[in-house]
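Starting from the known structure of chain A, fit chains B and C onto it as the hints suggest.
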Amino acid sequence: MWNYIIRRLLWVPFLLLVVSFISFMLFRLGPGDPVLVILGNKYDPSSQSAQNLREELGLDKPLMVQFANYSVNFFQGDFGESYRYRGQSVRKLISAKMWISAQLSLAALVISTTIGIPLGFFIAHKQGGWQDPAIVTICLVVMSIPVMVFVPVLLWLLCLKNLWLPFWGGIPCSGWGGLFDQRIIVPALSMGLPGVAVFVRLMRASTLDVMKQDYIVTAHSKGLGPFVIDTRHVFRNAVIPIVTILSFSLAGLIGGAIITETIMGIPGIGRLAVQSVFDRDYPVIMAITLITAGFFAIANLLADITYALVDPRIRYR
Amino acid sequence: MTQNVKTEQEIKSFKTKGHIHRAFDRLIRKKLAVGCLVILGIIYLSGITVDWISPYGYTDQDYTQIRQSPNSSHWLGTDRAGRDVFTRVLWGIQNTLILTFVGMLTGGLILGVTMGLVSGYFGGYIDAIIQRTGEIVSSIPTFFLILIISATVRPRIIEFVRWVEDNSFLEGLVRGGIVDYFVISLSLVSFGWIGTARLVRGQILYLKETQFIDAARSIGVSTPNVLFRHLLPNAISPLIVTVTMGMGSMIGAEIFLSWIGLGIQPPRPSLGVMLWESGNISVIRTEPWLMFAPGSVAFLMVLAWNLLGDALNDVFNPRTY
Amino acid sequence: MKKILLTSLCLVILMVLGCSNDAQVSLDVSTDDRKEQSTKSVSSSAQNTEKSQAQSTQKTGGGTFRRLWSDPPTLDPHLTKDTTSAGIVVEIFSGLVGLSTDLELVADLAETWDIDSTGTIYTFKIRENAKFHNGKNVTADDVKWSFERSASKETASPVAETYLGDIVGLKDYMEGKADSIKGLKVIDQQTIQITIDAPKPYFLAKLSYPTSYVLDRDVVTAGGRNWWLENPVGTGPFKLTEYKIGERIVLTRNDDYHLGPIDIHKIEMYLGGGQSMAMYENDEIDITGVGLFDLERVLDKQEPLNKDLVIAPPGFSISYIGFNTTMPPFDDKKFRQALNHAIDKKMIAKDVLSDLVVPAYRILPIGFPGRSENIDGLSYDQDLAKQLLKESKYSDSSSRPRITITVPGTGGTLGLDLEVILEMWKQTLDIEVEIQQVEWATFLEELDKEALQVYAGLGWEADYPDPQDFLDILFHSQSAQNHGQHSNSQLDDILERARVEQDINSRIELYRQAEQIIVNEAYWVPLWFTGEQYALIKPRVQGYVLTPMTVPKLSKLKISE
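Residue numbers (my numbering), protein chains in the order written: chain A, 1 to 317; chain B, 1001 to 1321; chain C, 2001 to 2561.
Calculated directly from the structure, the hints in this document are not laboratory data. Be aware that a few hints might be false.
Computed cross-link-like contacts, EDC-like style, restricted to lysine to aspartate or glutamate with a CA-CA straight-line distance of at most 20 Å [what the hints assert, rightly or not]:
{"hint": "1", "chain 1": "C", "residue 1": "K2144", "chain 2": "C", "residue 2": "E2104"}
{"hint": "2", "chain 1": "C", "residue 1": "K2449", "chain 2": "A", "residue 2": "D44"}
{"hint": "3", "chain 1": "A", "residue 1": "K42", "chain 2": "C", "residue 2": "E2446"}
{"hint": "4", "chain 1": "A", "residue 1": "K42", "chain 2": "C", "residue 2": "E2445"}
{"hint": "5", "chain 1": "C", "residue 1": "K2426", "chain 2": "B", "residue 2": "D1062"}
{"hint": "6", "chain 1": "C", "residue 1": "K2449", "chain 2": "A", "residue 2": "D33"}
{"hint": "7", "chain 1": "C", "residue 1": "K2131", "chain 2": "C", "residue 2": "D2188"}
{"hint": "8", "chain 1": "C", "residue 1": "K2153", "chain 2": "A", "residue 2": "D44"}
{"hint": "9", "chain 1": "C", "residue 1": "K2200", "chain 2": "C", "residue 2": "E2496"}
{"hint": "10", "chain 1": "A", "residue 1": "K61", "chain 2": "C", "residue 2": "E2154"}
{"hint": "11", "chain 1": "C", "residue 1": "K2200", "chain 2": "C", "residue 2": "E2509"}
{"hint": "12", "chain 1": "C", "residue 1": "K2350", "chain 2": "C", "residue 2": "D2300"}
{"hint": "13", "chain 1": "B", "residue 1": "K1030", "chain 2": "A", "residue 2": "D132"}
{"hint": "14", "chain 1": "C", "residue 1": "K2449", "chain 2": "B", "residue 2": "E1159"}
{"hint": "15", "chain 1": "C", "residue 1": "K2177", "chain 2": "A", "residue 2": "E56"}
{"hint": "16", "chain 1": "A", "residue 1": "K92", "chain 2": "C", "residue 2": "E2242"}
{"hint": "17", "chain 1": "A", "residue 1": "K61", "chain 2": "C", "residue 2": "E2175"}
Facing chain B, a subset of chain A residues (Cβ under 10 Å, in silico) [what the hints assert, rightly or not]:
{"hint": "18", "residue": "R28"}
{"hint": "19", "residue": "P152"}
{"hint": "20", "residue": "I263"}
Quick list of simulated restraints, FRET-style, between CB atoms [stated by the list, open to error]:
{"hint": "21", "chain 1": "C", "residue 1": "E2434", "chain 2": "B", "residue 2": "G1220", "range": "52 to 62 Å"}
{"hint": "22", "chain 1": "B", "residue 1": "D1062", "chain 2": "A", "residue 2": "P118", "range": "47 to 57 Å"}
{"hint": "23", "chain 1": "C", "residue 1": "E2434", "chain 2": "B", "residue 2": "R1217", "range": "54 to 64 Å"}
{"hint": "24", "chain 1": "B", "residue 1": "D1025", "chain 2": "A", "residue 2": "W11", "range": "44 to 54 Å"}
{"hint": "25", "chain 1": "B", "residue 1": "W1075", "chain 2": "C", "residue 2": "N2282", "range": "29 to 39 Å"}
{"hint": "26", "chain 1": "C", "residue 1": "I2311", "chain 2": "A", "residue 2": "A134", "range": "47 to 57 Å"}
{"hint": "27", "chain 1": "A", "residue 1": "K161", "chain 2": "C", "residue 2": "I2311", "range": "28 to 38 Å"}
{"hint": "28", "chain 1": "C", "residue 1": "E2434", "chain 2": "B", "residue 2": "T1210", "range": "50 to 60 Å"}
{"hint": "29", "chain 1": "A", "residue 1": "K161", "chain 2": "B", "residue 2": "D1062", "range": "31 to 41 Å"}
{"hint": "30", "chain 1": "A", "residue 1": "P118", "chain 2": "B", "residue 2": "G1202", "range": "25 to 35 Å"}
{"hint": "31", "chain 1": "A", "residue 1": "L63", "chain 2": "B", "residue 2": "W1075", "range": "48 to 58 Å"}
{"hint": "32", "chain 1": "B", "residue 1": "D1025", "chain 2": "A", "residue 2": "F122", "range": "22 to 32 Å"}
{"hint": "33", "chain 1": "B", "residue 1": "D1166", "chain 2": "A", "residue 2": "V72", "range": "42 to 52 Å"}
{"hint": "34", "chain 1": "A", "residue 1": "V72", "chain 2": "B", "residue 2": "P1233", "range": "50 to 60 Å"}
Don't be surprised by glycine CBs; every beta carbon is placed ideally from N, CA and C.
With the rest of the complex left out, here is chain A (with noise of 0.2 Å):
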């Protein structure tokens, strides 16, 4: 078991080397000049200030010496500086975007566990009857409505039709401010809300996994009340795979924002991470890729973890 995660974690630097290669690689060949996006339409490129530029930013540089320079510095806990932001590390500016991309996510998987998990747990008890596919349906329903257009009701619906709450704007997100503010409800319900059938459907399979198993029978032939095994043995058996889901769902974090966070304009990390392809901002591209990269693999690793210790069968290979 021991050898088996160290392999596992001895395995995450080399896919971040590999991850950082190909996403290193696909920029540099394609299209595009930070310096000339630095410069906009309005300033000469051919100008020294733009040769002067270049060399700072270290872009005059063979490819593979670029690359070299940034993996020492990167595996040495330095993600250089952004160059939209000038000046600014990138350590800095990500960690400002993800704390508020986080707290919105934390806020939206809030929102999906708490509702999707007893949803689940109470329609997988009601097997066969009328409730069960409705719910389900209309989890589905929620989450097949368009995020572009989820978005814009909500706010019509809540802030505008009926001010019940306030917009967006002008949140504390350093600290814990954000998570407890009534602005943080929109955006994290259209983010929370699609999120809600996963939940139901995972929980539903999961807790009719458990009541099958021999020890809930042992437990009702020994004729201990439903409620005390549905609390004591079934819930929290049924839950344990579903923490595994929850990791990857803090990976996903950047994919799952874009869109709220650009119609909402919230500056958070998917916002930063589109502008900064658009941006040719390398460091900044290179930091995001990486960081959710090393998510994944982690997550990855937890998952087959916890389902190994869940499953005994489940070998190590």
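For chains B and C alone, coordinates are given in the frame of chain A:
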């Protein structure tokens, strides 16, 4: 020899045909699923036949009819340039339809299934290479990868095709949008194959140990034959479920891509671009049809695929039902 | 081992669930008091200083001006090149000269200046009372050091050459061939002399840009590359008291400001995004622009918002379609003119864009200094357009080369105006145009290679109020921003003469001639003069001037409660 063929067929018909048939019967009994099939049929048919059924062209502008709300001559109203929204939505459907099907066929099915089969059947270092590649690709965030590919690789390909066009008798490849379709599908594919490959691989690993494959191999059936005629048909039911469920997210990805500005080139309309132009709160106040027309079509498509996938899941995995 | 893992996993779940309860409860409760608490704790240090200031200057008003903004790419004046940064930088820092809200050149750190008879030697006398925010006096050495920092290799400012390039010896210094800029001379602690390479009347206007702002040497060298994040000491009317990425920027007034007392106490800029219009209606911010979709509602006299409506002069910017005049069919003047005359810009501006833009028939924007009114523009005339097309070399559509228009497309859409224009060309002139949309970075690369036949989606915005900034930079055949390879020796000659013409009237006349040539040659299809045309400002805010350029203006504000 005849004896062998007969056994083969027997195995096949026993293992697959009956299974699929029974599943189909069960599916037809579900009203919701049938409803979804009908909705998808209508939407896709109108998308395919848009050239014949739409009353206007997608760039036709009528400056006397700017921002009309839905009426008898413009069923879904007109936009700020006086173009018929209904027509543009239909063209958008066609766009989404082509992209998602091409993406699903090439990526989800051909590439994914082949990779899965090869990986599962041969095992060893081939398996390791394919699995590791999948892991690397899937660890780059999906949307980010799509974004990067369409931002960097696409211009290079278009450049190349334009060069080909200029130096040969070929014409209109770029203008007709063929290149666009190809590249966008490519970027959708880049993440589409991994899930399928893993699924197929898992099925194959399980099936490989079963007796009928042993039997087939012991009577000298060739490797491709074993793969495609014996193993694949047995892995088909979970495959159908994943593909169906995947279509929903594939459509979502396509809409996202054109929403962010990396989809099909204008003036061809696409649902994503229409949603970009009108997906804000002020539009709800003043011209709601501009948002709800493309929005609800996108919604219906995704919903129908999702519900269908759910129904198929029930049908093929009755264990959980 | 397994148990530990399992329990830790359960703990995680419990934590998540526990959090959720907390969040759920607090989300439902009104968060007014919570909000107050958090703002208090967040900026307690800032508030202490505010309090003392407020006590000492209570009579001269106060109040806070709130607006939406976004994260500035930089607040280092020497690196500033965009309006998001400049909008803040001009309030914190300042230079020898500045622009007033009427876009006139005014003295800032310099009290007076002399220009010698050759028009190349400028002598600036620095104000006695000019002080940095940390109390130090501004000296001629500071000015010299700031110029040299701005142009240095290490700073690698993208704009140094554009704004300072006229100074003698700058080029050598930027290339690293010289240790100092030859054209800068410190006479005494209050006097600095700047020598430029030719008598260019627009040099002073260029000095109003942040590239030549004056910084405190000690602060900058001590602070390293991020000095402005830690300790942004400037000479402007406001001090930066708080900057949290993605959250907010707070500016507090500088009580020792050398240009007199300031009434308003604090500027809060929210960087967290939001729906500007809605926030304005909720009284969360004091100013908002009005977008296309809200315009009709706001213009309605019945609407209470209508009272707050302010109409701004159009910005000093123009959007256009550019032609590469070396590529057929755009090498034919008549063909270009035909395209120009075929567009009904008035209709588009009115019906499609709801009058948010002003149709442009020429190059220099309305109200731009040095603009003369008598220019024959490229007006809408279908018959003339058809006539011109017939006379051109490319009247036959079958033998006409393929036309591809390239548009930068990070927004996801071509722009309604452009779609209408393409349709007009097709209907009136039967000219089919292929569209190619590429994202911004790719677009710039192609543009730089001068590989684009027709390009749109570009705008030009003034950096300093002088016609040279438009006509010379965009149309001189040697200019790098002349992306369409326009080349006209007569035009070049006029532009070169206008550069060094000392008499203001003859200079304006020269630029009139130049603009008329440009218009006649139809190098562009000028489309719109754009800008923040309609805005809403809360009635309690007084003195906010909407200007077509970024100039320091917040110090003039008054808030009446």
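Hint check results:
1. K2144(C) with E2104(C): violated, 25 Å
2. K2449(C) with D44(A): Distance of about 12 Å is within 20 Å: holds.
3. K42(A) with E2446(C): holds, 15 Å
4. K42(A) with E2445(C): holds, 13 Å
5. K2426(C) with D1062(B): With a Cα-Cα distance of about 14 Å, the restraint between K2426(C) and D1062(B) holds, given a limit of 20 Å.
6. K2449(C) with D33(A): Answer holds: K2449(C) to D33(A) is near 12 Å, not above 20 Å.
7. K2131(C) with D2188(C): Status holds; Cα separation ~17 Å.
8. K2153(C) with D44(A): Holds: K2153(C) and D44(A) sit about 17 Å apart, inside 20 Å.
9. K2200(C) with E2496(C): Holds - the C-alpha atoms of E2496(C) and K2200(C) are around 10 Å apart, at most 20 Å.
10. K61(A) with E2154(C): holds, 17 Å
11. K2200(C) with E2509(C): Holds: K2200(C) and E2509(C) sit about 16 Å apart, inside 20 Å.
12. K2350(C) with D2300(C): holds, 16 Å
13. K1030(B) with D132(A): holds, 14 Å
14. K2449(C) with E1159(B): Given pair K2449(C), E1159(B) holds - Cα atoms ~14 Å apart, limit 20 Å.
15. K2177(C) with E56(A): Judged against 20 Å, a Cα distance of about 17 Å means the pair holds.
16. K92(A) with E2242(C): Status holds; Cα separation ~16 Å.
17. K61(A) with E2175(C): holds, 18 Å
18. R28: holds, 9 Å
19. P152: holds, 5 Å
20. I263: holds, 6 Å
21. E2434(C) with G1220(B): 52 to 62 Å: 58 Å Cβ-Cβ, so the 52 to 62 Å window holds.
22. D1062(B) with P118(A): 47 to 57 Å: Roughly 53 Å apart at Cβ, these two residues keep to the hinted range, so it holds.
23. E2434(C) with R1217(B): 54 to 64 Å: At roughly 57 Å between Cβ atoms, R1217(B) and E2434(C) fall inside 54 to 64 Å, so the hint holds.
24. D1025(B) with W11(A): 44 to 54 Å: holds, 46 Å
25. W1075(B) with N2282(C): 29 to 39 Å: The hint (29 to 39 Å, Cβ to Cβ) holds, given that W1075(B) and N2282(C) are roughly 37 Å apart.
26. I2311(C) with A134(A): 47 to 57 Å: holds, 55 Å
27. K161(A) with I2311(C): 28 to 38 Å: Since the Cβ atoms of K161(A) and I2311(C) sit about 30 Å apart, the hinted range of 28 to 38 Å holds.
28. E2434(C) with T1210(B): 50 to 60 Å: Roughly 57 Å apart at Cβ, these two residues keep to the hinted range, so it holds.
29. K161(A) with D1062(B): 31 to 41 Å: The hint (31 to 41 Å, Cβ to Cβ) holds, given that K161(A) and D1062(B) are roughly 32 Å apart.
30. P118(A) with G1202(B): 25 to 35 Å: holds, 30 Å
31. L63(A) with W1075(B): 48 to 58 Å: holds, 55 Å
32. D1025(B) with F122(A): 22 to 32 Å: Holds - the Cβ-Cβ distance for D1025(B) and F122(A), about 30 Å, lies within 22 to 32 Å.
33. D1166(B) with V72(A): 42 to 52 Å: holds, 44 Å
34. V72(A) with P1233(B): 50 to 60 Å: holds, 52 Å
In summary, the structure is inconsistent with hint 1 from the numbered list given earlier, while agreeing with all the others.
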